[in-house]
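J.: Turn these sequences into a full structure, and let the hints steer you where they fit.
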Amino acid sequence: MALLKKFSGDAVRLIQFPPPPLKGGITVTLEDLQCLDSGQYLNDVIIDFYLKYLIQNASAAISKRSHIFSSFFYKQLTRRDNASEGGNNDLLGCQRQRRHQRVKTWTRHVDIFDKDFLFVPVNQEAHWYLVVVCFPGLEETQMVDWVGESQGQDEAQQCKSSNDHSEILVRLDPSDGMETETGRQAHLYWDQYNNEAENGQDEVAKDPPPPCPVTCTEHTCVRRTVCRRPCILIMDSLKLSSHERICKLLREYLQSEFEVRRGSSREFGLDQMKSSHCQVPLQDNSSDCGLYLLQYVECFLKDPVVHFDLPLQLQKWFSRQVVRKKRDEIRNLILNIYRHQNMDSKNT
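Mapping to the working numbering: the sequence shown position 322 is 322, numbers consecutive.
These are calculated hints, taken from the structure and not from any lab test. Treat the hints with care, since some could be wrong.
Stated by the list, open to error - Derived SDA-like pairs: lysine to any residue, alpha-carbon spacing no greater than 20 Å straight-line: (1) Lys115 / Arg65; (2) Lys104 / Phe73; (3) Lys302 / Ser319; (4) Lys326 / Tyr338; (5) Lys325 / Leu138; (6) Lys75 / Gln97; (7) Lys64 / Leu138; (8) Lys302 / Lys248; (9) Lys23 / Gln341; (10) Lys23 / Val45; (11) Lys64 / Arg13; (12) Lys115 / Ala58; (13) Lys248 / Val226; (14) Lys248 / Cys134; (15) Lys325 / Asn336; (16) Lys115 / Arg251.
Stated by the list, open to error - Ranges of calculated distance between the beta carbons of each label pair, as one might list FRET restraints: (17) Lys23 / Thr78: 21 to 31 Å; (18) Val12 / Thr225: 48 to 58 Å; (19) Arg79 / Arg339: 12 to 22 Å; (20) Glu139 / Thr78: 20 to 30 Å; (21) Pro19 / Ala60: 14 to 24 Å; (22) Leu333 / His109: 35 to 45 Å; (23) Gln101 / Ile55: 23 to 33 Å; (24) Glu329 / Ala60: 37 to 47 Å; (25) Asn332 / Gln272: 41 to 51 Å.
Beta carbons: idealized from backbone N, C-alpha and C, even for Gly.
T.: Spelled out as structure tokens, the structure:
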């Protein structure tokens, strides 16, 4: 961190990624970097930066099949109507179309129905979680032949099974960083989580079965046929958030986007696109939800799910130690990019 001592203001610009002349660059400041300190909550800049970095460095085979939305997509989709949008009109169809109108330009250069995976980062009540829309272009479940890498192989993968069998139920205690407004909101959130766990209301606390090995991904699946289905996957490191609304809004968004993009109607209801809570590694503190979101995406891009037998059993997708190293990894990545961009600017 000696490199940063010369900076005197939090708003000091460190990097833009990707750098010009590439479009869509995200500016990361010193203040953003401080979100990576222990106990702090990741902000939307760090989330969006690392997601963009992941998709740009993913293999061509998976990157061309994937689209990652900005963290502002959900915020814009759920923004309250204002007077200019005709907020007094409560017709469901008009509401759906107005919401789509707010975000329709975000996909003007991409047909999401040609993609297999749409990643949507969501921040709800100061808590980050991930939504993955799978196979939005499919109208029904398909069984397809599969010959995977795992047949006859036992590769060591960072994002494969973990030997830690104790990472299913965790107790959350508020940690550092509670002075901020985000921290205060999150504090209430953690209290609610622990209270529901004590009352036996939370599904995580109901004697979960031992975690199964991951067998549904490209590197682990040994099946000869796999199931591909249109679905909405929820990956939440706390499992406390209410996800019904986001699933409903995404189904309505897909319906409107399909009408605009394809010029015809198609249903995206519960019967056509099921939603499911994935069994994923869980956080053990009150501040790492953003890191888990990023790790879910990183593992998915490195080792995509190929067999969609819901709910997905991904408890052993990665170890807790992987997440504990994530803050330093992202910080070092930003500083390395800073050095390279600084060096390039001096040489021009």
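J.: Compare the structure with each hint and give your call.
T.: Hints, verified against the model:
1. Distance restraint check for Lys115 and Arg65: the Cα-Cα separation of roughly 5 Å lies within the 20 Å cut-off, and the hinted pair is therefore satisfied.
2. At most 20 Å may separate the alpha-carbon atoms for a hinted pair to count; Lys104 and Phe73 meet this at roughly 10 Å.
3. The suggested pairing of Lys302 with Ser319 holds, with an alpha-carbon distance near 15 Å, which does not exceed 20 Å.
4. For the hint linking Lys326 to Tyr338, the alpha-carbon distance of about 18 Å falls within 20 Å, and the restraint holds.
5. Between Lys325 and Leu138 the CA atoms are separated by roughly 37 Å; this puts the pair beyond 20 Å, and the hint is violated.
6. With a CA separation close to 16 Å, the supplied pair Lys75 and Gln97 stays within the 20 Å bound.
7. Taking the CA atoms of Lys64 and Leu138, the gap is about 17 Å. The hint holds against a cut of 20 Å.
8. Note on Lys302 and Lys248: the hinted pairing is violated, with a Cα-Cα distance of about 29 Å set against a maximum of 20 Å.
9. Restraint check for Lys23 and Gln341: satisfied, since their Cα atoms lie roughly 16 Å apart, inside the 20 Å limit.
10. This hinted pair checks out: Lys23 and Val45 have alpha carbons roughly 16 Å apart, not beyond 20 Å.
11. Between Lys64 and Arg13 the CA atoms are separated by roughly 31 Å; this puts the pair beyond 20 Å, and the hint is violated.
12. With a C-alpha separation of about 15 Å, the suggested pairing of Lys115 with Ala58 holds against the 20 Å cut-off.
13. Distance hint between Lys248 and Val226 is unfulfilled; the C-alpha atoms sit about 27 Å from each other, more than 20 Å.
14. About 15 Å separates the Cα atoms of Lys248 and Cys134, which keeps this hinted pair within 20 Å; it holds.
15. Pair hint Lys325 plus Asn336 holds up; C-alpha atoms about 17 Å apart against a cutoff of 20 Å.
16. Distance check on the hinted pair: Lys115 and Arg251 sit about 16 Å apart at the alpha-carbon level, within 20 Å; holds.
17. The given range of 21 to 31 Å is respected by Lys23 and Thr78, whose C-beta atoms sit roughly 26 Å from each other.
18. Separation of Val12 from Thr225 is about 54 Å and conforms to the stated range, judged on CB atoms against 48 to 58 Å.
19. Checking the proposed 12 to 22 Å range against Arg79 and Arg339 shows it is violated: the Cβ atoms sit about 38 Å from each other.
20. Our hint of 20 to 30 Å for Glu139 and Thr78 holds, since their Cβ atoms are close to 27 Å apart.
21. The given range of 14 to 24 Å is respected by Pro19 and Ala60, whose C-beta atoms sit roughly 21 Å from each other.
22. At about 26 Å, the CB distance of Leu333 to His109 disagrees with the hint of 35 to 45 Å.
23. Between Gln101 and Ile55 the beta carbons are some 26 Å apart, a value that agrees with the proposed interval 23 to 33 Å.
24. For Glu329 and Ala60, the hinted distance range of 37 to 47 Å is not satisfied, since their beta carbons lie about 23 Å from each other.
25. Roughly 44 Å separates the CB atoms of Asn332 and Gln272, a value that falls within the hinted 41 to 51 Å.
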